[in-house]
Amino acid sequence: MDYAPNTDAQLQEMLRAIGVGSFESLISTVPAELHARALEVPSGLAESEVIALGEELAGRNRALTEVVSFLGAGCYAHLIPTVVDALASRGEWLTPYTPYQAEASQGTLQAIYEFQTMVCELFQMDVANASLYDGASSVAEAALLALRTTERSRILVSEAVHPHARETLATYLIGSTATVQEIPTVNGVTDLEALGKALRDDVACVILQQPNVFGCLEPMGQAGELAHRVGGLFIASVYPISLGLLQPPGAYGADIAVAEGRCLGSPPAYGGPGLGLFTTTSALLRKVPGRLAGCTVDQAGRRAFTLTLQTREQHIRRERATSNICTNEGWLALRATIFLSLLGPRGMQELARLNLEKARYARERLREIPWISPAFDQPVFNEFTLQFDAAHPVEAVNRRLAAAGFAGGFPLAEWYPAMPQGSLWCVTELISKASIDRLIEVLKRVG
Amino acid sequence: MSMSGPLIFERSVPGRRGYVLPPGDVPAVPAADALPEDQLRAIPPRLPEVAEFDAVRHYTRLSQANFSVDTHFYPLGSCTMKYNPKLNERIAALPGFAWLHPLQPASQVQGILQLLHELEQLLCAVTGMAAFTLQPAAGAQGELTGLKIIAAYHRRRRARSTILIPDSAHGTNPASAALSGFTVVQVKSGPDGLIDLQELRRKLTKDVAALMLTNPNTLGLFEREIKTIAALLHEQGALVYMDGANMNALLGISRPGDMGVDLLQLNLHKTFSTPHGGGGPGAGPVGVTKALEEFLPVPRVRKTGARFRWETRGRATVGRVHGFYGNVGVLVRAYAYIRTLGREGLARASRTAIINANYLKAKLQEAFPVPFDDHCMHEFVVTLKPLLAHGVSAGDVAKRLLDYGHYAPTVYFPLIVEEALMIEPTETESRETLDEFAKALVAIAHEAQHNPELVRRAPQRMVVDRVDEVKAAREPNLRYHASPGTASALHASPGDRSIFP
Numbered sequence: 001m002d003y004a005p006n007t008d009a010q011l012q013e014m015l016r017a018i019g020v021g022s023f024e025s026l027i028s029t030v031p032a033e034l035h036a037r038a039l040e041v042p043s044g045l046a047e048s049e050v051i052a053l054g055e056e057l058a059g060r061n062r063a064l065t066e067v068v069s070f071l072g073a074g075c076y077a078h079l080i081p082t083v084v085d086a087l088a089s090r091g092e093w094l095t096p097y098t099p100y101q102a103e104a105s106q107g108t109l110q111a112i113y114e115f116q117t118m119v120c121e122l123f124q125m126d127v128a129n130a131s132l133y134d135g136a137s138s139v140a141e142a143a144l145l146a147l148r149t150t151e152r153s154r155i156l157v158s159e160a161v162h163p164h165a166r167e168t169l170a171t172y173l174i175g176s177t178a179t180v181q182e183i184p185t186v187n188g189v190t191d192l193e194a195l196g197k198a199l200r201d202d203v204a205c206v207i208l209q210q211p212n213v214f215g216c217l218e219p220m221g222q223a224g225e226l227a228h229r230v231g232g233l234f235i236a237s238v239y240p241i242s243l244g245l246l247q248p249p250g251a252y253g254a255d256i257a258v259a260e261g262r263c264l265g266s267p268p269a270y271g272g273p274g275l276g277l278f279t280t281t282s283a284l285l286r287k288v289p290g291r292l293a294g295c296t297v298d299q300a301g302r303r304a305f306t307l308t309l310q311t312r313e314q315h316i317r318r319e320r321a322t323s324n325i326c327t328n329e330g331w332l333a334l335r336a337t338i339f340l341s342l343l344g345p346r347g348m349q350e351l352a353r354l355n356l357e358k359a360r361y362a363r364e365r366l367r368e369i370p371w372i373s374p375a376f377d378q379p380v381f382n383e384f385t386l387q388f389d390a391a392h393p394v395e396a397v398n399r400r401l402a403a404a405g406f407a408g409g410f411p412l413a414e415w416y417p418a419m420p421q422g423s424l425w426c427v428t429e430l431i432s433k434a435s436i437d438r439l440i441e442v443l444k445r446v447g
Numbered sequence: 448m449s450m451s452g453p454l455i456f457e458r459s460v461p462g463r464r465g466y467v468l469p470p471g472d473v474p475a476v477p478a479a480d481a482l483p484e485d486q487l488r489a490i491p492p493r494l495p496e497v498a499e500f501d502a503v504r505h506y507t508r509l510s511q512a513n514f515s516v517d518t519h520f521y522p523l524g525s526c527t528m529k530y531n532p533k534l535n536e537r538i539a540a541l542p543g544f545a546w547l548h549p550l551q552p553a554s555q556v557q558g559i560l561q562l563l564h565e566l567e568q569l570l571c572a573v574t575g576m577a578a579f580t581l582q583p584a585a586g587a588q589g590e591l592t593g594l595k596i597i598a599a600y601h602r603r604r605r606a607r608s609t610i611l612i613p614d615s616a617h618g619t620n621p622a623s624a625a626l627s628g629f630t631v632v633q634v635k636s637g638p639d640g641l642i643d644l645q646e647l648r649r650k651l652t653k654d655v656a657a658l659m660l661t662n663p664n665t666l667g668l669f670e671r672e673i674k675t676i677a678a679l680l681h682e683q684g685a686l687v688y689m690d691g692a693n694m695n696a697l698l699g700i701s702r703p704g705d706m707g708v709d710l711l712q713l714n715l716h717k718t719f720s721t722p723h724g725g726g727g728p729g730a731g732p733v734g735v736t737k738a739l740e741e742f743l744p745v746p747r748v749r750k751t752g753a754r755f756r757w758e759t760r761g762r763a764t765v766g767r768v769h770g771f772y773g774n775v776g777v778l779v780r781a782y783a784y785i786r787t788l789g790r791e792g793l794a795r796a797s798r799t800a801i802i803n804a805n806y807l808k809a810k811l812q813e814a815f816p817v818p819f820d821d822h823c824m825h826e827f828v829v830t831l832k833p834l835l836a837h838g839v840s841a842g843d844v845a846k847r848l849l850d851y852g853h854y855a856p857t858v859y860f861p862l863i864v865e866e867a868l869m870i871e872p873t874e875t876e877s878r879e880t881l882d883e884f885a886k887a888l889v890a891i892a893h894e895a896q897h898n899p900e901l902v903r904r905a906p907q908r909m910v911v912d913r914v915d916e917v918k919a920a921r922e923p924n925l926r927y928h929a930s931p932g933t934a935s936a937l938h939a940s941p942g943d944r945s946i947f948p
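If you read the protein sequences in the order shown, they are chains L and Z. If you count the first sequence from 1, position 350 lands on 350 in the numbering used here, and the numbers rise without skipping. If you count the second sequence from 1, position 354 lands on 801 in the numbering used here, and the numbers rise without skipping.
Rather than coming from a laboratory, the hints here were simulated on the basis of the structure. No experiment lies behind these values; they were computed from the predicted model shown. No residue lacks a Cβ here, since even glycine has one placed at the ideal position from N, Cα and C. A hint or two may mislead.
Claimed, not checked - Distance windows between CB atoms, simulated:
(1) Arg-37/L / Arg-749/Z: 24 to 32 Å
(2) Lys-674/Z / Asp-202/L: 43 to 51 Å
(3) Gly-301/L / Lys-653/Z: 15 to 23 Å
What the hints assert, rightly or not - Part of the chain Z face toward chain L, derived, beta carbon under 8 Å:
(4) Leu-644
(5) Gly-776
(6) Val-817
(7) Pro-818
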């Protein structure tokens with residue numbers, strides 16, 4: 001099956017119309033020594049065979065629909081209204097390219113404009129772009145913007161920023177003269193005293209995450225003030241679902257706020273595709289990476305939409321572009337737009353509250369287990385770090401939980417070797433009270 | 448014809464709900480008791496308040512204001528807008544793929560790890576490269592990854608700072624090189640549209656880290672001297688990076704690994720049929736030779752016996768460019784596509800793409816000059832320069848094509864062709880569609896001579912007339928602002944071609 005409609009007879013006729021006798025003469029520009037032998041790829045399959053193969057492979061995974069998962073750590077499974085899939089799977093949404101021809105792409109362009117507006121509202125920021133790849137690369141792009149605009153060379157990033165974001169930043173900086181300094185934490189949050197000491201007038205930006213990788217709420221306002229005191233930018237990486245209840249980055253003076261937005265209407269899909277949300281202030285508008293949709297008029301004066309400020313972008317500015325990004329995550333941005341329009345202001349607030357309450361309930365109940373204690377004494381949203389005693393290795397406990405149908409918390413030692421007994425737990429609206437109660441029973445039996 | 452109608456914000460009615468959350472089953476806690484006051488949001492986000500059916504109708508109608516591959520011929524050059532099989536959507540949506548958490552232990556995700564491992568091997572087989580990373584999220588991020596690998600490779604020997612890029616290259620090439628701290632030196636194309644070997648030799652200094660080339664290039668021409676070019680670079684200790692955006696011309700026909708290419712990115716949303724989604728998600732896996740494998744991003748999927756696992760460390764790795772493992776949902780679709788087509792189907796796809804392109808070129812050649820005329824691969828470029836005499840530009844013709852029911856080819860690219868129209872029909876279009884398109888383009892050329900105003904004023908059959916891009920850039924309006932007290936400050940004006948009541 002190759003989905004190519006022209007029959008062999010038609011192809012022969014077409015070759016004659018081209019004026020060649022055979023396909024081989026058509027590719028005479030490819031030197032004979034470079035002609036490929038038959039590819040080492042299995043023969044094609046019929047649709048029913050591909051379905052069987054897909055189901056077999058998928059069946060060898062334990063989907064979150066079969067286990068009760070307390071995994072978060074940068075990837076959060078949330079409810080997805082049926083309508084999101086029903087609408088987004090329309091071919092008119094799924095199969096166009098980037099909307100270069102505005103007049104034939106008004107649907108996508110208006111949806112991006114609505115998306116930009118909703119993200120601005122949720123973040124309380126002036127400007128949102130049409131999306132970047134994911135949360136991690138958005139942190140890197142934010143730092144690059146800060147380097148460009150301040151013409152400074154030092155980046156301060158809290159060690160409580162997701163390690164994937166910090167690693168991506170490091171990779172993006174290969175070949176650059178900029179340096180990164182990590183700011184330590186105390187009791188689960190960024191050490192403001194250490195941050196203060198690291199701040200000098202060569203600091204381009206300070207990067208914090210809210211809630212941070214341990215689930216703790218950071219003193220964003222104070223950190224932002226410190227950054228601004230030396231003329232640096234303050235970059236916040238946030239969790240969109242939390243913004244139904246938590247201070248939005250615009251309210252605490254973030255210059256750039258980014259997020260992993262997959263949680264808004266798209267499934268975890270083993271960590272990708274993601275949806276990089278990128279917002280900033282009006283002052284930095286012309287330095288924004290990636291695409292922007294704008295509202296304008298057509299020849300008849302009617303409202304119309306188009307991609308705009310494209311002189312920032314690679315296809316015009318080439319090596320002087322604000323970023324090399326071209327394809328972004330348009331389809332996930334559309335899903336997020338539909339998701340946010342369905343939830344509305346009240347839905348977002350209630351969703352955040354459900355997360356807060358469920359996590360709080362689970363955290364309280366987990367205190368009943370004598371070998372488990374909270375790692376930090378800090379307010380949290382829907383995720384928190386636990387400390388197991390030495391007799392209960394995190395991985396061993398997780399194996400017991402897996403046998404009982406749970407995916408236990410993430411063993412933090414993998415990212416923070418200094419926390420060998422740290423376990424990161426996330427409780428979203430998808431987890432029922434009954435599941436939490438059953439978890440406690442299982443943990444009690446672990447002894 | 449309709450216009451796309453009001454914004455979702457203008458449909459907002461205070462108190463309407465589009466989704467009802469389940470009731471809480473744990474003790475309710477006022478947020479103010481659970482969180483410090485200074486962490487609490489003061490003003491709720493001003494999101495629309497609409498009913499479910501409002502949203503359904505809004506986003507359905509909006510979708511109808513789009514051209515798409517499913518609805519229209521979409522011959523956008525270098526973008527490979529081929530049919531996106533529905534089967535692949537079905538596979539990617541299986542809960543065992545869509546609802547996996549990236550931190551589940553390896554024992555719970557053997558199926559997806561096997562799929563990713565097999566996909567790497569399939570891409571190796573197709574390209575002749577030794578190893579792949581699937582992590583980059585799109586072609587440009589693949590380029591960036593490749594350039595970081597090039598930098599890491601040279602740093603171990605002697606740092607080099609120049610990347611050579613032909614003047615016909617995609618804009619992402621120089622942007623990615625600059626983002627990696629390299630200086631870009633442009634290599635002019637020769638009179639045949641291919642890399643000029645003399646010019647290349649002149650620019651090939653000891654400081655050159657790599658040549659980034661696209662093969663077939665953006666004119667749709669195969670770089671027939673590719674082996675000589677690669678040898679020249681290698682003699683100087685430099686690498687050859689291939690932008691694999693045009694790989695749809697090469698499946699089963701020629702392998703970059705055999706050409707002397709050291710590393711390349713593939714665009715799975717082009718060659719391997721994953722949907723473009725109105726601008727992503729894509730996937731831009733990077734393939735390398737054995738010598739460069741150690742620099743690939745981490746984590747990498749490994750097979751030991753019959754078991755699969757992630758290896759998170761690598762001594763020489765460039766690190767990571769994306770959270771977790773990249774756009775896995777896209778990778779699943781591409782895997783399903785490759786398994787469906789198989790060895791013969793992939794080869795037939797490229798063969799048909801090349802015949803379709805040459806057939807369309809032959810049909811257009813009488814009306815439009817082809818500047819670098821040779822048999823093309825999967826795409827070709829015509830120039831509309833003669834129409835300038837009638838005051839009609841390539842951009843005008845592109846807009847007029849929309850009126851004929853075809854999306855426009857890529858315009859004004861590559862930059863080395865004046866008034867360029869870059870046409871890539873792909874293999875999934877029928878001869879009948881190609882005939883219709885050719886007829887439309889010839890008709891427009893006729894209109895340009897006899898009624899140029901008609902072409903200049905196009906399009907007229909879309910939901911909007913030609914959009915004022917200058918105003919959009921001069922007076923940026925990038926988000927909706929509701930006026931206080933009104934739900935809809937920007938109601939469609941009476942002249943709008945609205946089909947909304």
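Going through the hints against the structure:
1. Arg-37/L / Arg-749/Z: 24 to 32 Å: 28 Å, holds
2. Lys-674/Z / Asp-202/L: 43 to 51 Å: The hint (43 to 51 Å, Cβ to Cβ) holds, given that Lys-674/Z and Asp-202/L are roughly 49 Å apart.
3. Gly-301/L / Lys-653/Z: 15 to 23 Å: 59 Å, violated
4. Leu-644: 15 Å, violated
5. Gly-776: 4 Å, holds
6. Val-817: 13 Å, violated
7. Pro-818: Nearest chain L Cβ about 16 Å off; hint violated.
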